[in-house]
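Undergrad: Those protein sequences? They're chains A and B, same order as listed.
Sequential numbering from 1124 applies to the first sequence in our numbering.
Sequential numbering from 14 applies to the second sequence in our numbering.
Hints may contain errors.
What the hints assert, rightly or not - Some, not all, of what chain A presents toward chain B, calculated at C-beta under 10 Å:
| hint | residue |
| --- | --- |
| 1 | R1214 |
| 2 | I1283 |
| 3 | D1345 |
Note that these hints are calculated values from the structure, not bench results.
Just so it is clear, CB atoms sit at the ideal spot from N, CA and C, and this is done for glycine as well.
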Amino acid sequence: MTSAPAAPARTAGETSPGRPAPVRRRKRLRQALTGWAFSAPFTVLFVVFMALPVVVSLVMSFTDLRSTDLRNPLAVNFLGIDNYARLFSDRLFLRSAVNTLVFVAVGVPLTMVLALAAATGLNSGLVRFRTLFRVGFYLPVVTSIVAIAVVWRFLLDPEIGLVNNLLRLVGVDGPSWLYDTRLALPSLIVMAAWRNFGFLMVIFLAGLQAVPADLYEAATLDGATRWQQFRNVTLPMLRPTLLFGGVVTGVGYLQLFEEPFVMTQGGPLSSTLSVSFHIYNQFGFGNYGYAAAASYVLFLAIVALSAVQFRLLRERS
Amino acid sequence: MRSTRLATAAAMVLAASVALAGCGRDSGGGQDEAKSVGGGKASGEITVWAMGAEGEKLGEFAKEFSTENPDAKVTVTAVPWDAAHQKLASAIAAKQTPDVSMIGTTWQGEFAKTGALDPTPPDLIKKEDFFPGAWDTTIVDDTSYGVPWYVETRLIFYRKDLAARAGFPDGPKSWDDLKAMAKGMKDKAGAKWGINLQPPTKTGSWQSVLPFAWSNGAEVASADKLNFDTPETAEALRYYQSFFTEGLAPTALPEGSMEPGFVKGEIGAFISGPWHMGIVEEQGGPGFKDKYAVARMPMKKSSTSFIGGSSLAVFKDAKNRDGAWKFVQWLSKPEVQVKWYQAVKDLPAVQSAWDDQTLSGDTYLATFGEQLDSAKAPPAIPTWEQIASVVDTEIEKLCKKNADPAATAKAIQEQASAIGTGS
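Please model the complete structure; the sequences and the hints are all you need to start from.
TA: Given below as structure tokens:
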């Protein structure tokens, strides 16, 4: 056995000076092997199911792989950055990018404001029915988007919808929300904010409850109003929570897909087509290479947005 | 540490891309020879995938085939329509296909081009038995890769009472008739809308628009040429648009409100396929069948509608190729096609099946049968779905934003030729 001479040395500890070099090297190797053996289950799974597909999809985005190449996926042409260049002259892609940016730029602040308002309300007043409200606001988050879509399509129906019937009560002739190019995207933004703010509300509520009560006490003694307290105590203390909420919501909204998919199919006139939806369509058309390129552009946008948010909301030292 | 990891990743990407760049696509296609099928009865297990109602009913229906061929066993797997395309694509990539699958006509080009489908053996299946428009949907690179199973085509559905008051008791015959009827229904008969035309909801409006272009003599698309930008197409688009600009057709009808509108007499007419007979008769209740009628697509240079439906294809990787083709041939027998119509209401793709009293005795169905003789399908090219979505998008602009018809034809052609025919 080759390991036999090394065995007694183990008790002496690593730094024993008199040991010959080959033994030490062999011991290192053994340790490394043991380490790898222990992490092998994770490493193998990670490489096979995460790293490899990511690398393959990245390579795919530089080729003209189409669904007709399914039986022979290696026989494709290498295009370089042609797919990426084509994306930025694709009118539908640009349109979907603008739609998605509008959705994020309006939707994220709206959702956060709603969530913060609800969380503050629950945290200070409304003590009696707190659980009820918490469940009520959280319910849309756990409800299937398909069920929500059915209900909202009823609400927004131009003829029999609740929204337009209420508008009719005050003498306004409501528009056909989802079939109007100017109103379809705003309608989806409102719906998404309604659907998602419950999740942030729970997070913010936890953040609010972690703010030490003596800070408010001190602020009250200093004569600060409620608004000043909110502005100068709550918000700064909540900064990390807000950052988390902003990043999570932003990343989610950049991948906007379900709402237009179930509500408008990207219409009317592509006014609710999102980048994810466009990618989905391209995969459906069998343009795998092109769709993969679009996915990587979306991925970079998500990274960029997260970086910006981290920078903006980072703790000021 | 970080730089080594980056370097490794870069090396992997580089290696993979070098490997890929070395391959390149070989110019395949067209070398497929149809092989003949052995004689005698079918034997062994035949695995079949089918979608929707067909998938649910085919297993039971195929028992008769097993009675005729005692050694054969047909195993049907029902696949939901939503997942079918993906499932077939995965099966082809993994070379784990069933022996036979039902295939949507617009998928034919894509799947045939992968080289996964077996060419139709001409000694077993006769081209002349089928509607020519249906047979064309199976042709890729001049070779047939499947057999039409059932078909559907589009007709004008109209309310008889409103049409009579509008002065067209026998329905519209020509383009001018259709326009005048829609106008009369709105002005004289009190309908809110003379006709409903796609797109209030966008998807698939090309299926309503292309028939008008075809009826006007436009070729539009063939296997190797896309030709949307012609005066004939532009004229058809202008005609189609005029229903919207003259306020005869709604631009923003919510999904699902067309059928109730038709039943109530608010919408005088619409264009759709045979499934809508069942829908309006159910919503209209007893007696509604006498209140509406169907008419062939109005005449211009011809009366040409759209033909859709599904085909049956046998895969090259089939384990039981002979049995598979024999099962497909059995499903294409006229008497079996009639029975299949009785089981699931799928219209037969085999012409002689229409001589049966079940179909020819019903005036509504007979009209569908007449229309099928001349109905056309888009070419079976792998890029058709993508081109169709371009057509849908541009049609929507034409109808809702009042885009210029000639410019629309041009815009469709520009984008379609950028997509190409995928050959």
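Undergrad: Need the list of violated hint numbers for this structure, in ascending order.
TA: Hint 3 contradicted; others consistent.
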